[in-house]
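Protein chains in written order, with this note's numbering: chain A, 1 to 184; chain B, 1 to 270; chain C, 1 to 48.
Careful: at least some of the hints might be erroneous.
Stretch by stretch, here's where chain A covers chain B in the computed footprint (C-beta under 8 Å, at least three residues) [to be verified]:
1) 28–40
2) 90–100
3) 169–181
A few chain A residues facing chain B, derived, Cβ under 8 Å [to be verified]:
4) Val-44
5) Ile-48
6) Ser-89
7) Val-90
8) Val-93
9) Leu-95
10) Gly-98
11) Ala-101
12) Val-102
13) Val-129
14) Asp-163
These are calculated hints, taken from the structure and not from any lab test. Ideal placement from N, C-alpha and C gives every residue a C-beta, glycine not left out.
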Amino acid sequence: MTDVPPEDKVDPGEAMDLSPRPARPPRRGIRRWAPVLVVAIVAVVIGIVLWRVLADATLVFREVDDAVERREELGDDRFRMIGSPVSGSVQEVSLEDGRPAVAFSVTLDGVVADVVHTGATSDQFQPEVPVVIDGHWVRSRAYAGTADDGWYFASDRMLVKHDNDYRVENQDRIDDAEERGQYE
Amino acid sequence: MTTATTESTGTGDGIPATTSSRATKVLGWLTLAGFAVLVALAFAWVPEDTRITEQGDVVGQFDAVRLMFVHVPSAILAYTGFGLTFLASLAYVRWRTDWWDMMAHASAEIGVVFGVLTLVTGSIWGRPTWQTWWEWGDVRLVTTLVMVLVFVGYLAVRRIPADAVVQARRSAVIALVGAVNIVIVNRSVDWWENRTLHQQSTLIARKIRDETLFTLSFSFAVGMVLFAWLLLHRFRMAYLQRQIEELEVDEALAERRAEAGMSETQGGRP
Amino acid sequence: MTHVGYLIAGWSISVAAVLAYAGWVLMRGRSLSRRVPENRRRWMMPDD
């Protein structure tokens, strides 16, 4: 313990010298500036993130019905389209240049569009699970699918927008499918 | 300055120097037991996510759905931490007491830990489910990132040397402004449905099977007990830091008094 | 079981992060407690 005399030994009538002592030397180097640096970095990162979000207009997903309605207007612009793969429409095809692709149809609100996809497909690429495909319209009947309307959507990137439904439906049919080895 | 005053206390008399108490011990054991039960429920009781379509296709997330039980509670705890920081900052602005400032600090730090975990586990869940680890421009992901960064900045601002009152006031303002984003993050999946891969709320829509709902609710309960345990310890840590600062001031004053006493004695000699 | 790698990664990172943070808070709390008289640590009780 510090050897501190009791307060009553100090003459209360005499003013104690409470003039400020020389302050401790300020912290130097990285310890002093690190928090300021972190604040600056965080501010810059937030700025970059917001700028990227605001600048990247392609991230708006056009629904199939909207994309079909605006085909002429969209021309060959790249955009993202969202729709659910039609069951039984998926088939492997070979493009004119020999590249392998997957042709399928997507639908939303009763409107169907044909798609030719050249990128990787998702593990969750399943009928009725909405996919977001990145590409552009092509006027051609070369890969006519369910829609067969003289256009197809040429995509090279596929994401999946899983819905919020975690209910079980038709458990008996799931059990049957498991027994058949349709999935493990 | 001597440190003898502060180093010798709290030990040597059988009372451990710790931030633990009976309450934290109970909460700690509850957390551990709850987590063990949660693991059992999540991996042994909850079935995989599968559905079968009218055309007979088996679809779903399969076992990846079990990531829900770490991702969703992390997000809830991050919201809780940041929300509590907002309330405590509001209370600080109103009453200007250290207690609220320490509460804001402690809860913000816990919020950041769980905010980072939300981003990491979301990314791990996103890869098999969405086919991507991260999507720039996805409003849910980016607003969550900004929310976490704002509170990382908040914690950094708290470490910038400044007068305690100035620091507390400055931090409270950042928390109050930053908290606006909590609402934006939470509502983003509804406001910008076509700008995010993130699903809308399953719980609000009640589209969840009973076993999954029970286990998810249980994970919230375990998470809240963990949060309370962390908050008590972290708050006491902040409280101890304040006590040490006060002790240092007391010691400095005592030293000055001692010096004043000595100079009086020396000055009285012939 | 499907997606085993993702499940191990997600769960183990979560547990490791919480344990690391909790451990740091406990250790730091202990270190600070030693510097503060017990009468200023109001949560302490003799039977703890």
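Using Cβ atoms only, decide whether Val-129 (chain A) comes closer than 8 Å to chain B, and label the hint accordingly. It holds, given that the least Cβ distance between Val-129 (chain A) and chain B is near 6 Å, below 8 Å.
Next item in the hint list is Val-44 (chain A). Is there a CB on chain B closer than 8 Å to its CB? violated (10 Å)
Supplied contact hint for Val-93 (chain A), tested at 8 Å Cβ to chain B: Hint on Val-93 (chain A): violated, closest Cβ of chain B at ~20 Å, above 8 Å.
Please verify the coverage claim for the segment 169–181 of chain B: does it have three or more residues whose C-beta sits within 8 Å of some C-beta in chain A? It is violated: at least three residues are needed, and the segment 169–181 of chain B offers just 0 whose Cβ sits closer than 8 Å to chain A.
Next item in the hint list is Val-90 (chain A). Is there a CB on chain B closer than 8 Å to its CB? violated (10 Å)
Checking hints one by one. Is Leu-95 (chain A) an interface residue toward chain B, by the C-beta closer than 8 Å rule? violated (21 Å)
Regarding the hint that Ile-48 (chain A) lies at the interface with chain B, is the smallest CB-CB distance below 8 Å? violated (10 Å)
Any CB of chain B closer than 8 Å to the CB of Val-102 (chain A)? violated (14 Å)
Close enough to count: is the Cβ of Asp-163 (chain A) nearer than 8 Å to one in chain B? holds (6 Å)
Given coverage of the segment 28–40 of chain B by chain A, tested with a Cβ cutoff of 8 Å and a minimum of 3 residues: Answer violated; 0 residues pass the 8 Å Cβ test.
Coverage criterion applied to the segment 90–100 of chain B (partner chain A; beta-carbon cut 8 Å; 3 residues): violated (count 0)
Would the hint on Ser-89 (chain A) stand, with a C-beta cut-off of 8 Å toward chain B? Violated, because the Cβ-Cβ distance from Ser-89 (chain A) to chain B comes to roughly 10 Å (cut-off 8 Å).
The structure fails hints 1, 2, 3, 4, 5, 6, 7, 8, 9, 10, 11, 12 (numbered hints given earlier, in ascending order).
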